[in-house]
Structures are given as C-alpha cells and as structure tokens.
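Asks: First to last, the protein sequences are chains A and B. With my numbering applied, the first sequence closes on residue 439, and no number is skipped along the way. With my numbering applied, the second sequence closes on residue 267, and no number is skipped along the way.
None of these hints come from the bench; they were simulated from the model. Some hints here could point you the wrong way.
Said to hold, decoys possible - Calculated pairs, DSS-like style, for lysine-lysine (alpha carbon to alpha carbon, straight line, at most 30 angstroms):
{"hint": "1", "chain 1": "B", "residue 1": "Lys243", "chain 2": "A", "residue 2": "Lys102"}
{"hint": "2", "chain 1": "A", "residue 1": "Lys321", "chain 2": "A", "residue 2": "Lys234"}
{"hint": "3", "chain 1": "B", "residue 1": "Lys244", "chain 2": "A", "residue 2": "Lys104"}
{"hint": "4", "chain 1": "B", "residue 1": "Lys167", "chain 2": "A", "residue 2": "Lys51"}
{"hint": "5", "chain 1": "A", "residue 1": "Lys113", "chain 2": "A", "residue 2": "Lys51"}
{"hint": "6", "chain 1": "A", "residue 1": "Lys431", "chain 2": "A", "residue 2": "Lys410"}
{"hint": "7", "chain 1": "A", "residue 1": "Lys151", "chain 2": "A", "residue 2": "Lys179"}
{"hint": "8", "chain 1": "A", "residue 1": "Lys51", "chain 2": "B", "residue 2": "Lys243"}
{"hint": "9", "chain 1": "A", "residue 1": "Lys216", "chain 2": "A", "residue 2": "Lys179"}
{"hint": "10", "chain 1": "A", "residue 1": "Lys104", "chain 2": "B", "residue 2": "Lys167"}
{"hint": "11", "chain 1": "B", "residue 1": "Lys244", "chain 2": "A", "residue 2": "Lys102"}
Claimed, not checked - Here are a few chain A residues that face chain B, going by a calculated C-beta distance under 10 angstroms:
{"hint": "12", "residue": "Asp53"}
{"hint": "13", "residue": "Arg156"}
{"hint": "14", "residue": "Asp160"}
Stated by the list, open to error - Listed next, the stretches of chain A that the computed footprint assigns to chain B, with coverage defined by at least 3 CB atoms under 8 angstroms from CB atoms of chain B:
{"hint": "15", "segment": "77-85"}
{"hint": "16", "segment": "298-311"}
Bear in mind the structure is a predicted one, so any value in this text is a computation, not a measurement. Where is the CB? At the ideal position from N, CA and C, for every residue including glycine.
Residues per chain are reported as follows:
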Amino acid sequence: MKHKLLYIAAIALLAVGCRQKGDVYFDPNDPQNMAYTTYSEQFDVLWRSMNMYYMFWSEDSTDWDQVYYTMKPKFEELDAAYKADESVADSLTFTTLYQEATHSLIDHHLAMIIRDPHTGKPYTFRPGLDEMRSREYTAGQEYTTDAMKAAIADYETQHLLDAGQWGEMNGEENYFGIRTLDDGRKIAYLWQSGFKMMTALEKKDPDDKERLYINNIEAWRDMCLTETQLAGIILDNRCNTGGEVRDLNIVVAPFINEPLYYADVRYKEGPGRYDYTDWIPAYVDTLPADKRRNIEAEGIPYIVLTNAYTISMGEMTAAVIKHLPTGRMIGERTFGAHGRLYSVNTLFYDGTFGDRNGKHYVYTSSMQTRFVQEGMLEGKGITPTRLVYQAEEGYLGAMNKAIDYIKAY
Amino acid sequence: MPHRLFSVVLLAVLCLSDALPAYSQRTNEIRAGRGGVEYQKERRGRRGSEYKSHRYSAIDRSAHPGIWTLGAAIGATYNWQTRDAGYAYDRAYSGAWGAHAGITGTYMVQNWLSIRADILFTQKNYRMDRMRTDLLIKDIHSDYMCHYVQLPVMADWTFGSEDVKSHIYTGAYAAAWVGGNVNRQTIMQNDERRSRYEFTPEDNRADGGLVGGVGVSWDPLPYLRVGAEAMFYYSMANTLKKQAIMYDTRYNNTIVIGISTKYIF
C-alpha cells in the first residue's frame, strides 16, 4: 500500500465525529421550561434563560460559566437533602444559594421572583437593590415615597416652597409647587414618583385625582415655558423609580434648540451572550418654536435632584439635564439601572422572561444604554455635579442647595 | 455527515490512484527513456537538438517529481453557517458571497501527486434576516462579513496530459479569524449602517477543518501554469467558544471558486 498514511487518515476521519451538535433550542418563555420539579432542574432553567436573555454579559464581571460549575453541585446537594428530609423546603439554603449565584450581576433593574419548586412559596432577589443598600452613603437612610412626601411637606413648612398640589394616577404620585423668591422671581418645582407624563397627558376621562396629576404636569410645563419671572426649574427625581423614555419630550425637549444626541442603545438579535446589535444613537428631538424656551439664552438654571433611589428614567433624565448648558445635578449618586425595558421578547431576544404567576419570573433589561457624556454606568449610577448626601443633610440639604444655586445664578 | 462523505471521496481517490498504475508507469517510462522526445518528433515531424531539448525540458518541468510552482489565486467565496438557530421566532440565516485571494504553491512528489499549500485571505460571509411582517421597518437584516487568513495544505491528485491536467484536492486547513464588518439594519433604524465587527470573549477566532475540491490547469508556456478550481472548506471549529452547559454551534461551510496562475520552477 503506497498511501498507507493517507488511508489511515481517511478511515480515522470516518470514525470521528467532528462537529458537535448544538443545544440552544431553548425558549425561556416556553411554559414547558417551567415543568421542573427539583432545585437543580430549576437552577438549570434559570441559568440557561439568563445566559440568553441577560443583556449585560459584555459589561458584567460575573463569570456565568463559573457560577454554573460552583452552584450546580450545591443545588444537587439541596435536592439530596430534600429527599432525605422534606422539611428542607423553604429553607434558608434556597435563598442563600440564589443570592450567591446572582449577587454580582450588574443589571440594577434585575428582579427575580423564584418559587420554591416544592412549596410554591415565592422569594424575590434584587441584587441591584442589595448593592445600593451596601453603599456607604445609603446606610440607615430611608428611600421611600412616604419619606419623600414627608420631605415636601417639610419644604412647605419651612417655606422652601409655597403651597403646592398633589396628584395621583395609577399608583403614581406627583407634586407641583412654586417657590417665590424675595425679588419676585419664581422657581417651578415638580416631584414625581415615576415617569408617566405622556401617558397622563393622553389619558381620556380622568377622574378627579387623575385630573390633579395631569394638571400638575401641565402647570409645571406651562410655567417653565411661559412664566416671565422664571428664576429656575427644579425637577426632583429623588425616589423616582422610573418610567417611560418618551417623557424626555416633556422634561428635556422644551429646553433644547436642536436635536440632542444623548445616548446609544443596543439590544440582542440572537441566543448568544454577545449577539448584540450595533450601538444605536438615541436623540431627544426639538419641539416647534412655540413649545420650547431658550433657557440658555435667558440664563435660567435647570436643576435635577437625585438620590440613591433615583432609578432608571429618573437617572436618564438626570444624566441628560446634567449636561444641558444651564443644567445642574444635585444630590446623591443614583441607583444604576439604565437599561430600557420592553415586554416583547420576540422582538429583542432578551429582557424579562418567565411567568409572574408561574414558578419563576425574571424582570430584566431589554437594552443597554451608554450615555454620550457619562458612558456606560449600569450598576454604578450617575454622579451629580454637586454631591449632597442625605446621611449628612437629610432631604433638606439638596433642596436648599438647589434654591441657593438658583438665587446666585 | 459531510466530513464522512469527504473521507469516502478521499478513500475513493486513493483506491483509484492505486488501481491505475498504467498511467503512472507509462508516463514514467516515457520520462525514464526520454520517450516523450520521440513522441514529439513523430507527431510534429521535426528534428533539431535545440527544439528537442526545449520540448523535453517542457515536459520535464511540468510533470517531473521535485518541481515547484508558486503563484497567485483569486476568486469568489460563498459561505453559509451550520448553526443551531435556537428559538428563532423570526430569524433566518442564509449564505453570502465574498472574495478570496492569496498565494498558492505546489511541490510535486510524484508526477500524479503534488503537495499544495496556500496562504489566503478568505471572506466567510453570511446573512441574518428577521422575517417579521408586523413592524413598520421592513428588511431588518445583518450582513456579516468575516475575514479569515487561511492556510490549507492539500494533496493534489493530478490526471491528464502534460499540458492540460485535472486535479482533485484533498486536505486540511488552519485559519485565523482576523476581522470583519457588519452591514445592519435594526428595528430602531430606517437605514443600513456599516460597522466594524467587534470581537467578543466568546468568539473562537481559530478555525480549522477539511478542504477538498476539483480543478483544471493548463501550461501555455513551459514555465507558466494557469488554472481554475472549486474548493469546499468544511470547518470543524465552532465560531463560538463552549459554555458551561449550552453549546451554540455556528460552523462555517465555504465554497471557493477561483482562478490561479503559477510559475513553474
């Protein structure tokens, strides 16, 4: 045989399977993937789902493969423990293991509701909230709507604000107030628990409470646009948990004279961890001349107040206003949840998955956001122009600084 | 399995070359006895030592063990990926055309067998379409242009006359994914945008696999060989690295159609 080696090579090739078969045919939203019955099966499903739908693998320092190698045996041990003694269900081990598996994930929108597969009892994991609570400046601080409402009542008492108006719509609350300075000039102040401004303005047949909510938005906007004695604008985003991006058309668009390129966003177009689209520029468009005001030319400062519980759209507006010509951001470094969320996974191949009433439900971002001036700060938050910590000066500090700044501008 | 088909073809070629000793032997005899010169004399009816020498030299240069050729190859590629598309609600992957160019060389081991090695720039492109009809923006797609530097090493099984030959190529290749571009239109953009492909930690930039093909060549001058060929590159390297439990397979399959010109040393 002249070609002995070649014959051997050819026969060897026949025997070897050279291409491996893939196994990513896995739809995180398929109800069949919630048919698991053990702890380790549940972990497998969640690991795979996150592997495909989590948006921040490009930024996250978490070694997701290592998480599997480390955690899988622990969940198998939990299964074995359950077989030996069913009282293990709902044990602390279950929550501890998921905290260990997810604690370093940077998506600060991430909220996982995972039920014990044996008892159905739900447990919620919010690694972003845990991270925020671990920051030195948030220790012992109360970041709630009630705390914010109490603070605003205090502003009225201490004459930082003249009397204002509260509104409420679909669980969201807002407050519009005016501060009249000694020289007669006025400050327009708006606080909101979330961003639902466009939705409010489009609402048909609002009830009385909702009418007040809508009135507050319209009154703040009208005052910002038409008040001849306007000294400054304050948008209070403290304890604002976010909402609709299109509200930039109300809080930013009226104050810019040309389209504002403020960020890039991207999403996924495949099952891979890194199947991202390109970065897509995001703009705030200008409004017609009669619906905008050149606050730069008039020298009107625009201040946004933030704290560690300023989340998502609350942070995005802050990041944009901070860099307007007369903009200023006062308060604490924000929460760090900048991704956008959409409910249509079939469009983006990422984001929220599971069933709110099923065995697991994971609320997570559909898009990454990278700010033009600030960069990618997911999990870190936006740092204000002027840092004022509530731990040192309470809710009063940032408000006082804002008014002082406007007076001196 | 394509690689098994490839192995079967290789085995068939090996058996064929062993089963056809007459061609080799006759050709060798001609060379050993310088019968080629006699043949030329009879056919052309001319004599003259200078011409005979030249003609003999031509035969010797193109079909004698030990000769080298070196030249350039250029052509088109058509690549598609064999991949587990996953839960592809609306994604469809298809092949795409590209280009290749490079240097090609052979060393003749026997008059019927050469070893061929190339250094090629090869594009392994493919396309992804989103087949949605419910969106305002139509024609959502991504054209991936992936640039590779390839080093195929092949056995060149040669058949035919002194001047016109047919070739069957069998071998393997190694390659490196060196760059790329993406022309993409997304759900949020009305126009196609081109960007450089940014490698990720998950990309497997080392490629390798089997290569096989057919070709024809013609020696119009004693020192010149031109040829045309069609090759198939069967990648055995996933373009993605393996993960803990999920294996997202994306293998390239590349057809190369090209021409080459070589200098015969």
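Asks: With reference to the structure, classify each hint as holding or not holding.
Replies: Taking the hints in turn, this is what the structure says about them:
1. Between lysine 243(B) and lysine 102(A) the alpha-carbon distance is near 21 angstroms, which keeps this suggested pair within the 30 angstroms criterion.
2. Under the criterion of a C-alpha separation no larger than 30 angstroms, the hint pairing lysine 321(A) with lysine 234(A) is consistent with the structure, at around 22 angstroms.
3. Restraint check for lysine 244(B) and lysine 104(A): satisfied, since their Cα atoms lie roughly 22 angstroms apart, inside the 30 angstroms limit.
4. The hinted pair formed by lysine 167(B) and lysine 51(A) fails the criterion: a straight-line CA distance of about 40 angstroms is larger than 30 angstroms.
5. Distance restraint check for lysine 113(A) and lysine 51(A): the Cα-Cα separation of roughly 34 angstroms exceeds the 30 angstroms cut-off, and the hinted pair is therefore not satisfied.
6. Our distance criterion of 30 angstroms between C-alpha atoms is met by lysine 431(A) and lysine 410(A), whose separation comes to about 24 angstroms.
7. Distance restraint check for lysine 151(A) and lysine 179(A): the Cα-Cα separation of roughly 33 angstroms exceeds the 30 angstroms cut-off, and the hinted pair is therefore not satisfied.
8. With a CA separation close to 13 angstroms, the supplied pair lysine 51(A) and lysine 243(B) stays within the 30 angstroms bound.
9. Between lysine 216(A) and lysine 179(A) the alpha-carbon distance is near 22 angstroms, which keeps this suggested pair within the 30 angstroms criterion.
10. For the suggested pair lysine 104(A) and lysine 167(B), the alpha carbons sit about 65 angstroms apart, so the restraint of at most 30 angstroms is broken.
11. A threshold of 30 angstroms between alpha carbons decides the hint, and for lysine 244(B) with lysine 102(A) the separation of about 17 angstroms falls inside it, so the pair holds.
12. For aspartate 53(A), the interface hint holds, since its Cβ comes within 10 angstroms of a Cβ in chain B; the closest pair sits about 5 angstroms apart.
13. Proximity of arginine 156(A) to chain B is violated relative to the hint, the smallest CB-CB distance being about 24 angstroms (cut-off 10 angstroms).
14. Contact between aspartate 160(A) and chain B, as hinted, is not supported at the beta carbon level, the nearest pair being about 24 angstroms apart and thus beyond 10 angstroms.
15. Coverage of the segment 77-85 of chain A by chain B holds [criterion: at least 3 residues with CB-CB distance below 8 angstroms; count 4].
16. Note: the segment 298-311 of chain A has 9 residues with beta-carbon separation from chain B under 8 angstroms; the three-residue rule is met and the coverage holds.
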